[in-house]
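Chemist: Next come the chains, spelled out residue by residue.
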Amino acid sequence: MIDKTVPDPVQAVAAIPDGASVMVGGFGNAGIPFGLLNALADRGARDLTIISNNAGEAEAGIARLLMQGQVRKMVCSYPRTPGSVWLQRRYAAGEIELEVMPQGTLAERMRAAGAGLGGFFTPTGFGTMLADNKETRMIDGRGHVFETPLPADFALIRAETGDRWGNLAFHATARNFNPVMAMAARCSIAEVRHLSTTPLDPERVVTPGIFIDRLCPYEVRP
Amino acid sequence: MNRRNEIELAARVARDIPDGAYVNLGIGKPGRVAAQIPAGRDVILHSENGILALGPAPAAGQEDPELIDASKRPVTALPGASYFGQTDSFAMMRGGHIDIAVLGAFQVAENGDLANWATLDQRHPPAVGGAMDLVAGVPTILIIMDHLDRDGRPKLLRRCTYPLTGPAVVARVYTDLAVLDIAPEGFRLVELTPGNALDEVQAATGAPIHV
Numbered sequence: 001m002i003d004k005t006v007p008d009p010v011q012a013v014a015a016i017p018d019g020a021s022v023m024v025g026g027f028g029n030a031g032i033p034f035g036l037l038n039a040l041a042d043r044g045a046r047d048l049t050i051i052s053n054n055a056g057e058a059e060a061g062i063a064r065l066l067m068q069g070q071v072r073k074m075v076c077s078y079p080r081t082p083g084s085v086w087l088q089r090r091y092a093a094g095e096i097e098l099e100v101m102p103q104g105t106l107a108e109r110m111r112a113a114g115a116g117l118g119g120f121f122t123p124t125g126f127g128t129m130l131a132d133n134k135e136t137r138m139i140d141g142r143g144h145v146f147e148t149p150l151p152a153d154f155a156l157i158r159a160e161t162g163d164r165w166g167n168l169a170f171h172a173t174a175r176n177f178n179p180v181m182a183m184a185a186r187c188s189i190a191e192v193r194h195l196s197t198t199p200l201d202p203e204r205v206v207t208p209g210i211f212i213d214r215l216c217p218y219e220v221r222p
Numbered sequence: 001m002n003r004r005n006e007i008e009l010a011a012r013v014a015r016d017i018p019d020g021a022y023v024n025l026g027i028g029k030p031g032r033v034a035a036q037i038p039a040g041r042d043v044i045l046h047s048e049n050g051i052l053a054l055g056p057a058p059a060a061g062q063e064d065p066e067l068i069d070a071s072k073r074p075v076t077a078l079p080g081a082s083y084f085g086q087t088d089s090f091a092m093m094r095g096g097h098i099d100i101a102v103l104g105a106f107q108v109a110e111n112g113d114l115a116n117w118a119t120l121d122q123r124h125p126p127a128v129g130g131a132m133d134l135v136a137g138v139p140t141i142l143i144i145m146d147h148l149d150r151d152g153r154p155k156l157l158r159r160c161t162y163p164l165t166g167p168a169v170v171a172r173v174y175t176d177l178a179v180l181d182i183a184p185e186g187f188r189l190v191e192l193t194p195g196n197a198l199d200e201v202q203a204a205t206g207a208p209i210h211v
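Chains A and B are the protein sequences, given in the same order. This note's numbering numbers the first residue of the first sequence as 1 and each following residue consecutively. This note's numbering numbers the first residue of the second sequence as 1 and each following residue consecutively.
Since the hints were derived computationally from the structure, they do not count as laboratory data. Be careful, since some hints might not be right.
Rough simulated footprint, nothing fancy, chain B against chain A, three-plus residues with beta-carbon under 8 angstroms [stated by the list, open to error]:
(1) 81-89
(2) 119-129
Only some residues are given here: those of chain B computed to face chain A with a beta carbon under 7 angstroms [said to hold, decoys possible]:
(3) 78
(4) 85
(5) 136
(6) 163
In this text, a Cβ means the ideal position worked out from N, Cα and C, and glycines have one as well.
This is chain A alone, in the form it adopts within the complex:
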């Protein structure tokens, strides 16, 4: 019988080793898997590469990992949210590697990884310093930049509802990066606000369970 549920975030993240690359869903505080991030911070895995749109606020979520010195590299599009003091502190002190790319390129590189594609040409960033040293091509008279797939070892996902098959449904703007990260990582772990004891209505499923390896209940909202 397929049952991907585990009892809590601690067991859900137990297999994430030092040096892992970890995608983290969320935009602002919506859709951030705070339960899984806290479990990872408590466990103390180190030398992590964190891939997420933002870099956390105050001392919560990703910012807590940064504060505790567990992050070697951040890959994101917008690390300068008001309150992202720990990223700015680590960056200014040269204690962290930072890779910044356009938000749509970040999402589409994940999609390419999840969809088995070797990359794509995008007009985004053409003619800017973010295209330096990248392959370019004129397509229909417009400049495009070649971008490669972006996979990860793990993805930490936040969803509203899930069932034991790993099917997920989301709430409002908490969806954001969560579905595409679930596709892109080799092992995707979800915390769900409600763990449904009955199968989700197939018409409501946004992330099919094939993309999810483990899920656990976590009822706390941001």
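Keeping the supplied structure of chain A fixed, place chain B upon it in accordance with the hints.
Modeler: Chain B only, in chain A's frame:
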């Protein structure tokens, strides 16, 4: 010189947004345009984090922490709204489905080059967000900005000195002092803020204004 304040400026931009348009408003000053859309025009606002038909802030106590806009502030969803993930949201932007984006700027050049994501200050981490995707895919890019920076230097220039967000992407610039189009010959005057003289505004501009 006479200066349009932020609300007057937002109202001036809103006048140019037609009925039925799908519009993305950048963070900061552009966000004020939402409240200034003239009555009777049905304009659908897009927020890059995954919502179409974005509504105003909810009443106190009605906030949903998982219903926010690109500025990370609580919002509401209007009738006809939809939620979607990042790949769909950026397909709307890059794929030319959004009609108009209203953005802020550090600098705009006379050829339409836009710089609004990074300065030359190395102490702060760079942060690009969705700006480059918007200018790459949205056909009409409108800019709301101050005409001069805090030190009184022009922000409208022959060439940008800050890193570009996109080359030759701006359609029209709305500043506190004037409204200018990007035309083949450079900045072309649309209107001066009432009470201003052209030579005063030209003196505050780092490139020729064509009339």
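Chemist: Please check whether residue 163 of chain B passes as an interface residue: C-beta within 7 angstroms of a C-beta belonging to chain A.
Modeler: OK, holds: residue 163 of chain B within 7 angstroms of chain A, min 5 angstroms.
Chemist: Checking hints one by one. Is residue 85 of chain B an interface residue toward chain A, by the C-beta closer than 7 angstroms rule?
Modeler: holds (5 angstroms)
Chemist: If you count the residues of the stretch 81-89 of chain A with a beta-carbon closer than 8 angstroms to a beta-carbon of chain B, do you get 3 or more?
Modeler: holds (count 3)
Chemist: Please check whether residue 78 of chain B passes as an interface residue: C-beta within 7 angstroms of a C-beta belonging to chain A.
Modeler: Not OK, violated: residue 78 of chain B not within 7 angstroms of chain A, min 13 angstroms.
Chemist: For the stretch 119-129 of chain A, do three or more residues have a beta carbon lying closer than 8 angstroms to a beta carbon of chain B?
Modeler: This one holds; 8 residues, not fewer than the three required, reach chain B with a Cβ under 8 angstroms.
Chemist: Go through the hint on residue 136 of chain B and say holds or violated, using the shortest Cβ distance to chain A against 7 angstroms.
Modeler: OK, holds: residue 136 of chain B within 7 angstroms of chain A, min 4 angstroms.
In the structure shown, a violation is registered for the earlier hint numbered 3 alone.
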